[in-house]
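With these hints in hand, go ahead and build the complete structure from the sequences.
Which chain is which? The protein sequence lines are A and B, in order. Start counting the first sequence at 1; every next residue gets the next number (the numbering used here). Start counting the second sequence at 1; every next residue gets the next number (the numbering used here).
Hints in this document: simulated from the structure, not taken from any laboratory. All C-beta atoms in this analysis are idealised placements derived from N, C-alpha and C, irrespective of residue type, glycine included. Treat the hints loosely; a few may be bogus.
Said to hold, decoys possible - Ranges between beta-carbon positions, derived for each pair:
{"hint": "1", "chain 1": "A", "residue 1": "A245", "chain 2": "B", "residue 2": "K159", "range": "33 to 43 Å"}
{"hint": "2", "chain 1": "A", "residue 1": "V482", "chain 2": "B", "residue 2": "E370", "range": "28 to 38 Å"}
{"hint": "3", "chain 1": "A", "residue 1": "S396", "chain 2": "B", "residue 2": "R175", "range": "36 to 46 Å"}
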Amino acid sequence: MARKILVDEEMDQTNKEEAHYDFDLFVIGAGSGGVRAARFSANFGAKVGICELPFHPISSEVIGGVGGTCVIRGCVPKKILVYGATFGGELEDARNYGWELNEKLDFNWKKLLHKKTDEIIRLNGIYKRLLSNAGVKLFEGEGKIVGPNEVELTQLDGTKLSYSAKHILIATGSRAHRPLIPGQELGITSDEALSLEDLPKRAVVFGGGYIAVEFASIWRGLGADVNLFFRRELPLRGFDDEMRAVVARNLEARGVNLHAQTNLTELVKTDNGIKVITDHGEEFIADVVLFATGRLPNSKRLNLEAVGVELDNTGAVKVDEYSRTNIPSIWAVGDVTNRMNLTPVALMEGTCFAKTVFGGESSKADYSNIPCAVFSIPPLSVVGLSEEQAIEQANSDVLVFTSTFNPMKNTISGRQEKTVMKLVVDQETDKVLGASMCGPDSPEIMQGIAVALKCGATKAQFDCTVGIHPSAAEEFVTMRSVSRRITVSRKSKTNP
Amino acid sequence: MATSFTAPKLSSPTFQTLCRNLPVFVPIPNTLYSVSRHHQRHHHRLQLQQQRQRRLLFVVRAESNNGSEPLRHYDFDLFTIGAGSGGVRASRFAANFGASVAVCELPFSTISSETTGGVGGTCVLRGCVPKKLMVYASKYSHEFDESNGFGWKYDTEPKHDWSTLMANKNAELRRLTGIYKNILGNAGVTLIEGRGKIVDPHTVDVDGKLYTARHILISVGGRPFIPDIPGSEYAIDSDAALDLPSKPEKIAIVGGGYIALEFAGIFNGLQSEVHVFIRQKKVLRGFDEEIRDFVGEQVSLRGIKFHIEESPQAIVKSADGSLSLKTNKGTIKGFSHIMFATGRRPNTKNLGLESVGVKMSSNGSIEVDEYSRTTVPSIWAVGDATDRINLTPVALMEGGALAKTIFQNEPTKPDYRAVPSAVFSQPPIGQVGLTEEQAMKDYGDIDVYTANFRPLKATLSGLPDRVFMKLIVCVKTNKVLGLHMCGDDSAEITQGYAVAIKAGLTKADFDATVGIHPTSAEEFVTMRTPTRKIRQGPESEGKMGHEAKAAAGV
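This is the structure we're talking about:
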């Protein structure tokens, strides 16, 4: 979260002037990974330059902003809207606690949007200051790689600058991608969805990933009619199947209309709104159609072919475990490498890069047990393996502990929504392989659990921890009975 | 959470049935206990086999008394006095292990007394649960303020209807007490309504009826204590405060502990004028000093008025029915209610303990050994009646350990290390492990990491809410000794970290964990620079400095 960087603005200004290069490091892209790598490299004494496109909430080939996706078009504005939308349900819940509220609650979208934009402008400024406090030189404009040690910068007025750097770091992130269907120009991506002038009354969301689910929750929470279309049977492919079903159930219970195994085939403009046609032949009318159908790495306009940096077929920059590309002086971190596209992972990669290149300490990012959250309403949070992954990877039986309960708050509010928690345990080693939770506060609860899992905590260690009563989180340390045991046939170890 | 229950699984239903149907003969005194001590030395893997042997032994003895030892018939293997958290847990588990168990409890009432109680005990009826429900209700006024910053508008200010809340709360409490009764019934525990009193080391009198038991468990809990000052009869305690017929217009809360702080938040949120009177300069004695300062400040910002170093001397009732509180500093008038949150005392009076020789401390708590055994070998005690750590989950731990010790050949000591806890003040506090002061005393050299920030929600709401977090790390071992937090979701956030701290994890382990973004909790895994390094080694010649040293920024 942007606020926390304020506390560690220490810097080490020892400049090691490199005779042959303008910079020790030139970073293209000032998002989470780029800023972290730039600051830490500067703290290690490197002379660092960084370039970023001009600020705007909606990104394009020529627009971006210091702070990147997370701060301007991702985590932060999304969470702000989730907070705003969560009040919708909260206020309903207040009635049975004795609060007398108007039948129809008034919500002013423009006010929320305005305050959100103010906040991201503030954070954009904070990030700029962070860079300058660390002694990093910030350039506004578009960066291109013209040689293994050469960056060309096109400034806003069109003038071009050229700098040499001992190392170049690509941290250009990714952008939302639209499906190629007729009328796709009538739809929007998450960038625009975070900055809509008006709150849609009728929203269609296409996609089954976390972005789709989050926006469905946001708009529904703020009172819109929401139809969510996705290709699979359940949303959130890759997550634990049981938890996917829980999320789907909660979305439906909160009033989102789910359309599983359904594709959008065409959008048509009508006087009444956008007509949405599905592959089942159904038609819907919407004010807004959101494509949350995936994101692609921002690697097209970097001139990477010219220097021979290898990309994979999605356009992601290929890197080794140290984030180095096939060109030894060129590195890449964050979403542009399409490893695990999360802010804290980009931060980790940026830190490891700085340590490896300027800190004299070769550091590989560790991708095991990385927790994450889906800020649906209520949210889902997980760390470690899903039940399916555990069954696939385990060498012994897998024990699954689940707890499904009515959160205490609902006993009076009357909300019919269960919280579900799950621990997946290796029977032989007693290690907790995975934890998941869907329910209020799950992202906050999961963080501490993640520390325990990262260090190989056993179920016995969970069990011997005393609960905090009354909390939801205490369920994780009071799961005594196995819900099911999955016998894993031992893998044949004869074949290499 | 108290509202979720899984039906206990009977590990050996046939045996249990057997036990309940057959009269159980066992030698006195306490042979089984010494048997279990003996078994303690055996390898764990043998345990199942041993249990089978013990059961066999049980049955053999039941059938043939060969006369080598004096045998006595008891009505029950275990008789529990008090069906609160500890008593219910011990009884259920004992029954699951095959014992025949009875538990007695006073009739249900929201207010406890010598003659009223209720299955579920303090936690369910007069503590954790109703308190948390009231916290949920009262938190809304803050949420309404927050929601304004997120674009929500109220044509008329939300008003609170007290009677709706009380009715819904009490319906929930009745539901829960019913669930607890079912849990006992399903576990095969006999529930007896009435007041239990110990007659001799193996006999309990419940309202004139005598029951014999091989083991007696005292789990009678504690009750609020109001100091004897003039006019104290006008004061209410936390029992009454949870079930007032109408909203207090202006309430004085005397006390600086967690109960005082929680009720201050509740009544403040439900739009009462709240004054808190504390003897000391700060609230929450025993908590981390920085947390004490921080929570005091945050709570004050929400409109609660603190009167520090002010002790009550008398309560006077005026002609108009309002109450005045006279303190060492003056008199404050116009209170509709005066609540005392001045501590709790074990419920150990009139239990017959003195006559059977159960030793108690000066405050009335029952003295027990590490296995919760009193000075009378057949009598045991768990929970608040023993005044160890007075928390529901600790009573559960003690009850569970006791059942294992007596009925599963597995002497088990409750482990009081790194017990996490929460204060449901507004904002709440979560903590686990040592305070900075304790850590300094016990370990000397420690690094303290703190974060004090405005959470994302507050930047939008415009409210002055902040979050404070603290990690205390042992320099020698790198272990995290203590974790403290005050701010939204503290209780929920602390639980997972409690697992990590109980497992003895190091600061490096915290650092190796990737954050969940954007959360408050991620702050605990992204603390890179110590706020201060405290050294007590001889090189600093006993000087104990709060040296604020900034390490290199990585």
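**Asked** Does the hinted range 33 to 43 Å hold for A:A245 and B:K159 at CB?
**Response** The hint (33 to 43 Å, Cβ to Cβ) holds, given that A:A245 and B:K159 are roughly 40 Å apart.
- Item | B:R175 and A:S396 - C-beta distance against the hinted 36 to 46 Å | holds (41 Å)
Taking 28 to 38 Å as the stated bounds, is the beta-carbon spacing between A:V482 and B:E370 within them? Holds, at about 30 Å.
Hint violations for this structure: none, all hints satisfied.
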